[in-house]
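Let's have the full structure, built from the sequences with the hints guiding it.
Chains as they are written, first to last, in our numbering: chain A, 1 to 323; chain B, 1 to 323; chain C, 1 to 323; chain D, 1 to 323; chain E, 1 to 323.
Hints may be right or wrong, so weigh each one.
[Unchecked claim] Some chain E residues close to chain C (C-beta under 7 Å, calculated; not the full set):
#	residue
1	Leu58
2	Asn178
3	Ile255
4	Pro276
[To be verified] List of simulated lysine-lysine pairs, DSBU-like, C-alpha gap at most 35 Å:
#	chain 1	residue 1	chain 2	residue 2
5	B	Lys319	C	Lys265
6	D	Lys265	E	Lys319
7	A	Lys265	D	Lys319
8	E	Lys265	B	Lys318
9	D	Lys318	E	Lys319
10	D	Lys65	E	Lys71
11	C	Lys265	E	Lys319
12	D	Lys265	C	Lys318
13	A	Lys318	C	Lys318
14	C	Lys319	B	Lys265
15	E	Lys265	A	Lys265
16	D	Lys318	E	Lys318
17	E	Lys319	C	Lys318
18	E	Lys265	A	Lys318
If you are wondering where the hints come from, they were derived from the structure by calculation, not from laboratory data.
Using N, Cα and C, we set each Cβ at its ideal position, and we do this for glycine too.
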Amino acid sequence: MIVDSALYRDGSRVEAGGDCRSLRTQTSEPGDFVWVGLSDPSQQEIAEVADVFGLHPLAVEDAVKAHQRPKLERYEHMFFLVLKTLWYVDEQDAVETGEISIFAGHDFVVTVRHGQGNELHSARTQLESTPKVLRHGPGGVLYSIFDRVVDGYLAVADELVIDVDEIETSVFSPDRTNDSARIYTLKREIAEVRRAVMPLREPLGRFVAGTVAGVHQDAAPFFRDVADHLARVAETVDSLDGLLSTAFDAHVAQISVQQNDDMRKISAGAAIIVVPTLIAGIYGMNFEHMPELGWTYGYPFSLLLMGIVAGGLWVVFKKSGWL
Amino acid sequence: MIVDSALYRDGSRVEAGGDCRSLRTQTSEPGDFVWVGLSDPSQQEIAEVADVFGLHPLAVEDAVKAHQRPKLERYEHMFFLVLKTLWYVDEQDAVETGEISIFAGHDFVVTVRHGQGNELHSARTQLESTPKVLRHGPGGVLYSIFDRVVDGYLAVADELVIDVDEIETSVFSPDRTNDSARIYTLKREIAEVRRAVMPLREPLGRFVAGTVAGVHQDAAPFFRDVADHLARVAETVDSLDGLLSTAFDAHVAQISVQQNDDMRKISAGAAIIVVPTLIAGIYGMNFEHMPELGWTYGYPFSLLLMGIVAGGLWVVFKKSGWL
Amino acid sequence: MIVDSALYRDGSRVEAGGDCRSLRTQTSEPGDFVWVGLSDPSQQEIAEVADVFGLHPLAVEDAVKAHQRPKLERYEHMFFLVLKTLWYVDEQDAVETGEISIFAGHDFVVTVRHGQGNELHSARTQLESTPKVLRHGPGGVLYSIFDRVVDGYLAVADELVIDVDEIETSVFSPDRTNDSARIYTLKREIAEVRRAVMPLREPLGRFVAGTVAGVHQDAAPFFRDVADHLARVAETVDSLDGLLSTAFDAHVAQISVQQNDDMRKISAGAAIIVVPTLIAGIYGMNFEHMPELGWTYGYPFSLLLMGIVAGGLWVVFKKSGWL
Amino acid sequence: MIVDSALYRDGSRVEAGGDCRSLRTQTSEPGDFVWVGLSDPSQQEIAEVADVFGLHPLAVEDAVKAHQRPKLERYEHMFFLVLKTLWYVDEQDAVETGEISIFAGHDFVVTVRHGQGNELHSARTQLESTPKVLRHGPGGVLYSIFDRVVDGYLAVADELVIDVDEIETSVFSPDRTNDSARIYTLKREIAEVRRAVMPLREPLGRFVAGTVAGVHQDAAPFFRDVADHLARVAETVDSLDGLLSTAFDAHVAQISVQQNDDMRKISAGAAIIVVPTLIAGIYGMNFEHMPELGWTYGYPFSLLLMGIVAGGLWVVFKKSGWL
Amino acid sequence: MIVDSALYRDGSRVEAGGDCRSLRTQTSEPGDFVWVGLSDPSQQEIAEVADVFGLHPLAVEDAVKAHQRPKLERYEHMFFLVLKTLWYVDEQDAVETGEISIFAGHDFVVTVRHGQGNELHSARTQLESTPKVLRHGPGGVLYSIFDRVVDGYLAVADELVIDVDEIETSVFSPDRTNDSARIYTLKREIAEVRRAVMPLREPLGRFVAGTVAGVHQDAAPFFRDVADHLARVAETVDSLDGLLSTAFDAHVAQISVQQNDDMRKISAGAAIIVVPTLIAGIYGMNFEHMPELGWTYGYPFSLLLMGIVAGGLWVVFKKSGWL
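Listed below in structure tokens is the structure:
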């Protein structure tokens, strides 16, 4: 589906109408460029756009298929960029991923979105209100999208920090918690975030270094700003992964400690029952000469004795921390 | 065994007949090349082919012996490439490996297959129907084989993802499962996949950089596409390996938790038997003055008492989560 | 808030008065520079300063927002440096972090502090009493701040060494201690220190190499001194992290050893009760011909027998280390 | 001890007789070279040889002392190479190490062997029968020794693969095995193999790159072949080390699982004894009105009841997998 | 304290007397140099020496303060080197560290020692007896000190190997040993050795490469020899660290195995007591018709029965490896 397509001239949108082919023919002055936005395009839609802008077939195939790794590929007159978008779904405590493919030449940008996420729409809206950035042409568009996408990463990283804090609280709570499944799931999601973030560093570095043809040298500080955010996400994610590993080990240690506590509690309880049983056994012996057996209050005495012994054991175990 | 040998000219197969020696003599125009396909060749077969195309003895030795590491070696007028093929055998949940050795010069390609796998046959069939690629000569053939082989890796990686998902489900199921053997086996297979995939990255990178003599610069984007798939396999495999390690740790934690649960269950059960035993012991004492012993319903009363105590304990343990 | 602003000429403070705009206009001779110190500045304050010194908007944004990674960014006529400050709060055994952003050009330094910490004030005081360093201009100011900040790191590292020593003592003490939470917390703080320290190495390296424009080559040995301290912090922190991991493993091993000891102690205790119970059971049997039952001292004899057996078991278990 | 010394000319051994000093004087034509083989030489023997060929004193000291790391050192007119030899002793399941030091100049090779291993003798024998390689001079000798030594590594790696397979079988067998000592020993041996193999890669790489003076460029493919085998050993050894770590973890998991199984088995067994004890306790109570006590077959009935209860428990536990 | 100071000319000590200032004035011929040896110098002593030889204040500060990292710093006319010395104290099984700071220019060497260790004295003694090395001037002195210090590392590494062997024996002995504290301590010492050894590699590499001004190119093989020993220490230490980790894991596994063995032993012991208790309970039942109760030898029979059952269980458990 073609979501939006427009001609931009000197930092503002030109209401030119028509399909992308006619739009491109209208790029007459230097700095003019067309931005076509596609969303889960059909084979035919992408084919037409590819034809208009002369996109490389391999890149087009990648843009259609989705499930690509983040990457930057240079072709003769254009480059092709794949970004992963990330967002956090609160209801499921899960990280979802989408994909944006971008073709950019000196006078056009074609963006292809897979999955949900409105980074592209909001990037376009914001750009159209900041002519200063828009005047940078395709480079400005790229910066704007990068900025949105990486802001999304930061938001996800913040949510993951909260999740790790929760797990931490749970692990060290005195309650019996089984956190291993949750830690596993979170580690899995962190791995997913890492797969989106890590391969992006190298391409972004090329924008920062200003070695991508068609992107103006002046834009470098802006890309550096995005790269800095990306580095922050990467550091956070690495740090969380390490913390989760430590939390997991602590969780296992807690299980051992609890088992030890339980064992001692059980043993103390057993002693409190077994010692009176021994006393009952003694008064159940059949000796002819057992003075207590003839006592009028022998029976209550024996029960009292059991009670005192059991109580005494209870006190002893309580004091020594076994109960 | 010589599987197939043919002369290719201008993107299509020339029905020229004859053995490979005669085929080679027929390569008259620039771009002509001979493709000889061998499968588990005898010493004699390979010797003849080596003689016709002037293959380096060390490379020939490697091609015959199999069990080589993936590698790319340059000789004066040819290069020698070893690839590992991978496929997944559903019946055994196992990854199998084969090997393809390729000798390529400016006017010939000699492919040697060890083990099963029909990457070579299908590559040839498909190439013969796409003259555009075939016209690239030996470079096109190489691309086509690389593409097939790496597609095979992707398929294996997908199967491994499923296996890891299954293990994950098993580890976190409430059932008592002993997953360590399965995790071990899977880790072993992942190591095998890694041995096929990792050493291939460097040679493939040389094709992408276009520094392999005899392979046209224009082919670089195609090799880059294959390299991208290879990187995806490598990332998946690394990620799975990490997940398996985490899953294994979680499995060990689950064992501990279950042991703890069992211990508490057992202790609760023991208490339910031991307390009535104490009561029986008490009424088995031989005191002369034990009023209950003379009661008409003393016996049923004692049994009832045992039942009530046992039942009470059962309720208490049930509520506190020990049973 | 503007904390302090002054004009420096030839190594000493010029009592020139006025706001930073008027101060800057007074920089007439080469080597003159203005140092403006801000603390958690309002949007308006920073805007004015930015206007006076021509600070880059992206850097200004970073300086206002705080929570940046340590970094060094070069702009055309200035550079922008972000440092994390660290200090140890004894009451909470916790490491706290602050942030200092520094803009520096050939004739000005603007420092922005977030959070507590008086590195900037003490750096200014000390500098004003050492004209030799102050004469180096903005480079001297930078060195002085770097020196203070890294000295703060060294102090924190020393405190962490003490914390690890305490944990070590606790882990290997014969007492039952649950150190996992404390180890976890310390690992978390070490990760925080690392996030402050590690990214600083690269920018500091650039000062050491003397490749930062506007900082005099002669200052290199001084920056090398700071870099050396930073390396010491980094090494200490890495080493502590490794020790903590080992201490954690040892802690888990101690738990296992204790559980084993407990189990044997419990078993020995159980035997001491259960064997007399068997004896009582035997003398509770109803055989007609049991000579002991008729003995005058049969009952005391049986009790004595139980006592001897229990005492004997106690001695045996004591000797074999089970009790 | 001087094992063998000979003059080689144009690919074959010249029966020239005499000690090494006289042999060297006979090297008249280009390509002539002397090969002196020493085994655990005395201080005096090596001193004489060093004098004849002008060996550097530091290299000579290393060659005498043994226990060197594998290394390649260049001196003005010669180079010095240290190799570790490895072999597997079946009786002890252990890897043994020896050492070969090689001095080589344009017209001589001096080899010094420490420990057992006959790589040098067999290398000489084989070389003397392949004049083609021998004609390469000292470079050919080096290649031949390298080839032998690395073949020895491959043989050791194959044995280690078998050992790991055995451990794997043992770990996952249902038997109670204590594999940790064996895994430890094997890890230790793998570390030893690694110490022989890893430092060799860099020097061998220099031969492959053809940057070692005095070794002919044409020999590069041969050295590349050896380097390839070395890489295979390195990969195998790394892979085995990883597998052993995983196997060890699985072993620990198996211990836990077995402990759990044992605990449940024991508990079930205890229940089968304790429940009849309760029944006996009940019929041991002294109530006046217990109808069963008067029954003629009360006693067999009670025994039967105990038997049924015990049998019933046995069935229940068997079915639920506790026994 | 000034330990020794002397003027050296052409490889031998010149008995020139006087303090270091007068000694320096006597360096008249090229190759002459003064070597001043200080030990824990006072502020004043070092100040005077610094003044005589023009030492850089920052380096002097480092030399006085001690607790520096090993490093090599170049100043205009001199360089400054910090080395850690290590030795093993048998009584405490502990590694102790000292520190040597060296200032060297073309005509002087100033060595400052902190802590014990007589590397400097023995280096001077030996040098004075080998004029060949001494003739190299300050470079020769440096080599000699490096050689001593690294020999000290080798000695410490050998002691650590013995310690690890002892731990290994202890871990795998059938005795109950608690090795975790010892392994921890050893790991801590290995970390200390590593902190002395690792940072030295880079500076030593510069001497090997011959890029340190004032050190003669001819000395490179000697420094290479030292670097080789350093590499051996580094490898040994890394390898020991890995072995200790594995030994620790094995230790934990042994604890688990022992716990399992104990549990089974305890259970078997419990069964041997509990089953006779059941028999006693049976003959304690109050049925009117229990033929055994009337038998003349009923009581001994019952005891015999208990004995046989207990003995039988003992045999069964012994055979199945539970006892």
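> Okay, which hints does this one fail, numbers in order?
Replying inline: As far as the earlier hints go, not one is violated by this structure.
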